[in-house]
Amino acid sequence: MTGFVRHARYVFGENPVTGGALALFLVLVVLAAIGPWIAPHDPLASDTAKTLQPPSRAHWFGTDQVGRDILSRVLVATRLDLVISITAVALSFAVGATAGAAAGFFGGWTDRIVTRVTDTIMAFPLFVLAMGIVAALGNTLGNIVLATAIINVPFYARMARAEANVRREAGYVDAARLGGNGRARVLAVHVFPNCLPPMMVQASLNLGWAILNAAGLSFIGLGVRPPTPEWGIMVAEGAAFIVSGEWWIALFPGLALMLAVFCFNLLGDGLRDLIDPRRRT
Amino acid sequence: MNPPLLSVEDLSVEFRTREGVVQALDRVGFTVAKGETVGIVGESGSGKSVTALAIMGILHPAARVTAGRAVFGGLDLLAASERQRQEYRGRELSMIFQNPRTALNPIRTVGRQISDVLLRHANAPRAKVKTRAVELLARVQIPDAERRFDAYPFELSGGMCQRVMIALAIACAPALIIADEPTTGLDVTTQAGILDLLDELRTTTRTATILITHDLGLAAERCDRIVVMHAGHVVESASARALFSAPRHPYTARLIASTPRPGVKLAELTPITGAVPDLRGDLTPCRYRTRCERAADICDEPPLPRAEVATDHMVACRSPL
Amino acid sequence: MLWDNGRTSVAGGPERSSSGPSPALLDVRALTKRFPVRGTAHEVHAVDDVTFTIAPGESVGLVGESGCGKSTLVKLIARLLDPTDGRIYFDGKDLGAIPAERFARAPARARIQMVFQDPADSLNPRFTAFDAIADPIRRLGDEPRGTLRRRVEEIAELIGLPYALLGRYPHQLSGGQQQRVGIGRAVALRPSLLILDEPTSALDVSVQAVILHLLADLRERLGMAYLFVSHDLNVVRMVTGRVLVMYLGKVVETGPADAIFDRPAHPYTRALVSAVPVLDARRRRERVRLSGEPRSPIDPSPSTCRFFGRCPDGFEHCEREMPVLRPITPDHLAACFLGGDAPRG
Chain A
35 MTGFVRHARY VFGENPVTGG ALALFLVLVV LAAIGPWIAP HDPLASDTAK TLQPPSRAHW
95 FGTDQVGRDI LSRVLVATRL DLVISITAVA LSFAVGATAG AAAGFFGGWT DRIVTRVTDT
155 IMAFPLFVLA MGIVAALGNT LGNIVLATAI INVPFYARMA RAEANVRREA GYVDAARLGG
215 NGRARVLAVH VFPNCLPPMM VQASLNLGWA ILNAAGLSFI GLGVRPPTPE WGIMVAEGAA
275 FIVSGEWWIA LFPGLALMLA VFCFNLLGDG LRDLIDPRRR T
Chain B
122 MNPPLLSVED LSVEFRTREG VVQALDRVGF TVAKGETVGI VGESGSGKSV TALAIMGILH
182 PAARVTAGRA VFGGLDLLAA SERQRQEYRG RELSMIFQNP RTALNPIRTV GRQISDVLLR
242 HANAPRAKVK TRAVELLARV QIPDAERRFD AYPFELSGGM CQRVMIALAI ACAPALIIAD
302 EPTTGLDVTT QAGILDLLDE LRTTTRTATI LITHDLGLAA ERCDRIVVMH AGHVVESASA
362 RALFSAPRHP YTARLIASTP RPGVKLAELT PITGAVPDLR GDLTPCRYRT RCERAADICD
422 EPPLPRAEVA TDHMVACRSP L
Chain C
2 MLWDNGRTSV AGGPERSSSG PSPALLDVRA LTKRFPVRGT AHEVHAVDDV TFTIAPGESV
62 GLVGESGCGK STLVKLIARL LDPTDGRIYF DGKDLGAIPA ERFARAPARA RIQMVFQDPA
122 DSLNPRFTAF DAIADPIRRL GDEPRGTLRR RVEEIAELIG LPYALLGRYP HQLSGGQQQR
182 VGIGRAVALR PSLLILDEPT SALDVSVQAV ILHLLADLRE RLGMAYLFVS HDLNVVRMVT
242 GRVLVMYLGK VVETGPADAI FDRPAHPYTR ALVSAVPVLD ARRRRERVRL SGEPRSPIDP
302 SPSTCRFFGR CPDGFEHCER EMPVLRPITP DHLAACFLGG DAPRG
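Protein chains in written order, with the numbering used here: chain A, 35 to 315; chain B, 122 to 442; chain C, 2 to 346.
FYI, nobody ran anything at the bench for these hints, they're computed from the structure. Predicted model only: the values in this text are computed from it and were never measured. Incorrect hints may appear among the rest.
Partner residues aside, some chain A positions facing chain C, computed with beta carbon under 8 Å [claimed, not checked]: (1) Arg192; (2) Ala209; (3) Arg217.
Now the stretches of chain A that chain C is said to cover, found in silico as 3 or more residues with beta-carbon under 8 Å [stated by the list, open to error]: (4) 196-207; (5) 252-260.
Where is the CB? At the ideal position from N, CA and C, for every residue including glycine.
Between the sequences and the hints, there should be enough to build the whole structure, so can you do that?
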């Protein structure tokens with residue numbers, strides 16, 4: 035385990051960009067955890083006397099159309115957005131990677147079924163599919179996560195399938211069988227872990243995409259319901275006010291979104307280096 | 122005495138890598154006469170391929186030629202401009218690579234690839250190009266050459282791909298062909314066929330060849346002269362007959378002794394102790410010193426010697442065998 | 002050290018009673034593997050009616066060029082593939098009774114092991130050297146817990162790998178070290194039969210010498226039989242006592258290593274041996290040149306010699322009947338109607 039920690043320190047220490055991304059990620063996680071406590075105002079408290087105020091000392095990010103403090107709302111929304119995206123990605127990764135690896139490794143009927151299912155999902159424009167799922171099942175938080183997860187499954191499934199397919203022919207697979215590993219064990223212990231490194235980059239790109247997805251759903255009214263603070267819904271609400279000059283309502287949640295997506299994308303490379311033993315010196 | 126076709130002198134190449142500067146070649150020198158086949162032998166890491174790539178001017182961008190000349194037909198290839206080199210490459214001087222399938226363009230038919238070379242370098246009239254290309258394919262003994270003109274590399278076997286590479290290399294009747302491990306990975310009978318072809322080219326057109334290989338038997342059978350390399354140095358160069366019957370450098374002797382050959386039992390097969398030194402660190406003048414059983418204090422004195430122990434027989438050793 | 006190369010063991014041949022298994026360690030009879038060509042009813046005859054035996058402790062060489070079927074044959078014997086026809090007897094038991102898919106957990110699994118050609122490809126990049134050697138012991142051995150570490154260290158010592166390297170990953174090891182790990186993994190369970198598939202082809206000649214010595218040493222110490230597959234005839238001659246020559250799925254010649262190389266009887270073997278580059282000029286012989294391309298392995302005619310068309314010595318009878326292995330001398334057999342006599346001797 036200490037070897038892993040040492041390697042982790044090397045990976046993050048050597049590349050300042052990766053290190054920076056990790057630092058930012060930790061900041062986001064901390065904000066997600068303690069957001070509600072450090073928010074200067076109640077994110078849900080509206081104050082009609084103070085509507086549409088530009089950024090000031092009392093309200094660093096200004097207030098929105100019903101007088102709520104935008105800074106507090108952005109901070110508190112961190113938790114929601116991170117939870118949605120991480121859960122959705124974790125879910126789709128788990129299901130997609132397993133199904134795809136099994137399909138690529140075993141071939142035959144497993145492969146046919148998994149391929150048909152992923153092809154069906156991919157036949158739809160993915161965002162429209164997410165919309166459809168949420169519209170049909172109702173826009174609760176759980177369904178948003180589910181919809182985002184479902185539309186992401188094909189990416190992982192196809193990647194895992196391709197990786198497993200290639201590695202199936204590797205010498206160490208035969209060696210593992212000679213060493214007493216049954217086929218299922220070979221897949222689980224020998225092949226699957228080797229498929230992971232390239233998928234880590236995909237996973238972190240997906241994190242950014244999942245946030246955008248949830249935000250997009252909220253933007254069109256199929257996501258989180260007001261008054262729950264969530265970056266997407268805040269951008270949606272603020273969009274209407276840009277023309278009239280109140281730029282801060284949409285900008286700050288938009289910046290937060292951008293920062294989070296940026297951070298996840300940069301983190302991807304670092305994650306892959308962490309998992310791939312070939313990068314170890 | 123005719124001037125040599127190619128004369129490499131004091132060639133030194135280094136690579137800049139993240140882990141330091143790799144001194145890949147240090148004052149490598151040898152000559153190739155017209156029509157001669159010179160074999161460069163050595164283990165992996167000895168610098169044989171780097172030498173070839175340096176002469177051709179196609180080294181990796183991280184490589185730098187820090188010294189030396191490679192005089193070919195009056196022109197120093199290392200000092201020449203890229204334009205001048207492009208005029209020579211493919212026409213006077215060509216190269217065959219190790220893995221034929223990957224060295225050929227996978228999305229272009231073999232016939233087209235040969236035609237490309239003819240159009241670029243041989244100034245052949247367009248109408249005649251296809252005929253000449255088919256002739257070349259037949260010349261390298263590809264059966265059914267007319268039909269194979271339209272084949273893609275993946276449709277051909279490894280041996281046939283290598284023959285196509287040879288066709289590309291001889292398209293403009295070069296004076297010198299550099300063959301870098303041309304038959305590694307091919308079956309032994311296919312290998313013999315390819316090398317027979319190169320031999321035949323040599324006798325009919327007096328094409329000189331530099332044959333790079335790690336297979337000593339191959340070098341002994343097919344080359345007129347041998348250059349032995351170790352860790353970026355030329356340690357010995359002599360005629361094939363002289364080298365293999367009486368090697369003078371300890372490394373050459375050990376290399377021969379560790380090669381399986383008929384009449385030698387397993388117990389007599391002696392490995393070479395130690396390993397090739399790390400080319401990034403501080404290096405002793407003789408890079409074989411740490412592995413040599415004859416090493417003495419005198420071996421630490423720079424520079425690496427170059428002793429002529431017999432006519433045309435050079436050894437880089439202070440106490441040759 | 003004993004360098005008998007297994008000469009003292011019994012040479013195998015096809016003339017034995019087919020009524021039951023024999024005292025040989027490995028007894029392969031009429032082994033056949035055909036692969037369907039996708040989308041058609043045609044089949045590739047990768048291995049066709051191969052019969053031979055290996056005695057306990059014997060070292061047998063298998064040579065042949067690409068497409069001859071030796072990789073498939075090796076996979077059949079290692080039980081990674083199921084045969085289409087024929088039998089494989091190991092220590093008297095029919096190995097074909099258990100399908101390849103379930104063979105990983107069979108009792109005989111530990112007794113047949115393999116060393117692969119490309120160590121970089123055959124070692125799991127996520128497993129340290131320790132993990133690679135320990136895995137078969139964990140899966141198939143009956144080591145009591147707690148002794149695993151010591152057991153792996155014993156093997157490391159046996160294969161000449163310093164303990165410090167056990168914690169390294171394959172990409173941190175040299176080619177020779179990687180191959181040692183591959184060998185350590187294969188001998189960890191003391192197999193009776195070790196299949197070596199070009200174990201030194203990817204290594205430098207000086208490292209090769211060390212590994213060949215190691216293999217000979219291990220064979221003597223652990224009493225294993227070897228099936229040594231290689232395209233390098235010089236190496237095969239040095240480490241094996243008896244050799245099988247394959248061409249297009251069939252065994253075309255078999256006999257003591259010296260006989261095969263000094264007095265090859267089959268025209269293909271003659272061509273093969275004459276094509277091997279020889280260092281010592283005095284030992285070189287005249288090249289036997291082969292013309293044309295090999296015959297197709299798809300649905301080959303059962304009544305034509307597979308070598309017909311390329312063979313420099315063929316005549317019309319070769320096209321009408323398939324030759325079988327017949328003795329030139331009691332232990333040297335060749336599948337050729339010319340029976341070892343040829344214009345060039």
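Verification of the supplied hints:
For the restraint placing arginine 192 of chain A at the interface with chain C, the shortest Cβ-Cβ distance is roughly 22 Å, beyond the 8 Å limit, so the hint is violated. Residue-level restraint check for alanine 209 of chain A holds (minimum Cβ-Cβ distance to chain C is 5 Å; threshold 8 Å). At its closest, the beta carbon of arginine 217 of chain A sits 7 Å from a beta carbon of chain C; the interface hint therefore holds under the 8 Å criterion. Counting residues of the stretch 196-207 of chain A whose CB lies closer than 8 Å to any CB of chain C gives 3, so the stated coverage by that chain holds, three being the minimum.
Only when three residues or more bring their CB closer than 8 Å to a CB of chain C does the claim for the stretch 252-260 of chain A stand; here the count is 0, and the claim is violated.
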